[in-house]
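Chains as they are written, first to last, in numbering that gives the first Met the number 0: chain A, 0 to 193; chain B, 0 to 127.
Rather than coming from a laboratory, the hints here were simulated on the basis of the structure. Misleading hints may appear alongside valid ones.
[Unchecked claim] Below, computed lysine to any residue pairings styled on SDA-like, alpha-carbon distance capped at 20 angstroms:
#, chain 1, residue 1, chain 2, residue 2
1, B, K116, B, A31
2, A, K142, B, T111
3, B, K116, A, K142
4, B, K78, B, E66
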Amino acid sequence: MSVLTHTHPELEEGIGSAGHCPACHSLWSNSALLPKKAPRERVFPEGGWFPIMRASIREVFEMMLGSETGPGVDYPPNHDANLTAMIGIAGQLMGTMAVRCTTAAACGMAGAMLGIEVTEPNEDVRDALGEVCNMVAGNFKHKISGLAEGCSLSCPTVISGGDYQVHPLAQGERVVVSFTFQGEPVWVSLDLHE
Amino acid sequence: MKAIDVLIIDDSSVMRKIVGRALRQSGMEMGAILEAGDGVEGLAQVRTNRLDLILCDINMPVMDGMEFLRQLRTEEKGKGISVVMVTTEGSESHVIDAISLGARGYIRKPFTAEQVKESVLGVLEPQS
Numbered sequence: 000m001s002v003l004t005h006t007h008p009e010l011e012e013g014i015g016s017a018g019h020c021p022a023c024h025s026l027w028s029n030s031a032l033l034p035k036k037a038p039r040e041r042v043f044p045e046g047g048w049f050p051i052m053r054a055s056i057r058e059v060f061e062m063m064l065g066s067e068t069g070p071g072v073d074y075p076p077n078h079d080a081n082l083t084a085m086i087g088i089a090g091q092l093m094g095t096m097a098v099r100c101t102t103a104a105a106c107g108m109a110g111a112m113l114g115i116e117v118t119e120p121n122e123d124v125r126d127a128l129g130e131v132c133n134m135v136a137g138n139f140k141h142k143i144s145g146l147a148e149g150c151s152l153s154c155p156t157v158i159s160g161g162d163y164q165v166h167p168l169a170q171g172e173r174v175v176v177s178f179t180f181q182g183e184p185v186w187v188s189l190d191l192h193e
Numbered sequence: 000m001k002a003i004d005v006l007i008i009d010d011s012s013v014m015r016k017i018v019g020r021a022l023r024q025s026g027m028e029m030g031a032i033l034e035a036g037d038g039v040e041g042l043a044q045v046r047t048n049r050l051d052l053i054l055c056d057i058n059m060p061v062m063d064g065m066e067f068l069r070q071l072r073t074e075e076k077g078k079g080i081s082v083v084m085v086t087t088e089g090s091e092s093h094v095i096d097a098i099s100l101g102a103r104g105y106i107r108k109p110f111t112a113e114q115v116k117e118s119v120l121g122v123l124e125p126q127s
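Turn these sequences into a full structure, and let the hints guide you.
Okay, structure coming up:
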């Protein structure tokens, strides 16, 4: 057991600073002196998540794809919905947002964004789907008071293949918005962790 | 106003093309429109080209937009280039941080071509 024969520097350089102790050369930081993190406040917008998600989706499609979204479908994603873009949300709101659709819908999105016809699910299609997910998630958090500052997004990930199920390991809430784009179904899901 | 030479920095090639198209449709006389996939590639372009304007994303791998702004200040050829951030991260603190690091404008995704034009004209006109 080591006996501390000197006092480590504290607070001289402000909370959160770090460096070597001049006496024992050990690494020290005064991060332990930071105030205890307040428990996360539960965010729940008046009117619920659904209308905010719908508005976020609509704006992205109208502004970036120059296209209106069509009516939703009354069935869950099937094996044909074989492209998914997913993004992590961390901070005041924790969870994931995912955009899942058919290859035809994803090609249509890339084509609309690039102004060309896209028929094959190539790198541009995955890139476009990831960006759509990124913009919907970013737009969504900007529409909720305080979330723009209190919440961060990860880089999007794109998954190919439709034969999978999502099993969030934390308890929470799931909201799914479906719509059609160029006649093809698209699902945007928000999985929130408590 | 002379033709504007632009660098677009974004890890999404689709987004770089959208921003480039918005610039071409803006009615401004465009010179070269160069692209980079992250801040490191962006700095390399700054060192080898004469640029008037940079449109830069924030969240990027390798070197993000904020670090790019920090390093651009130390580049001799970076002086006098107007930088506009184009990002989903449009929170007040991000805007303040970017402006304190030298950015002159901010465009939040999703955007219209008209918004790109207004932001770009807003930062270029005072200098012309």
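Each hint tested on the structure:
{"no.": "1", "hint": "B:K116 <-> B:A31", "in the structure": "17 angstroms, holds"}
{"no.": "2", "hint": "A:K142 <-> B:T111", "in the structure": "18 angstroms, holds"}
{"no.": "3", "hint": "B:K116 <-> A:K142", "in the structure": "24 angstroms, violated"}
{"no.": "4", "hint": "B:K78 <-> B:E66", "in the structure": "16 angstroms, holds"}
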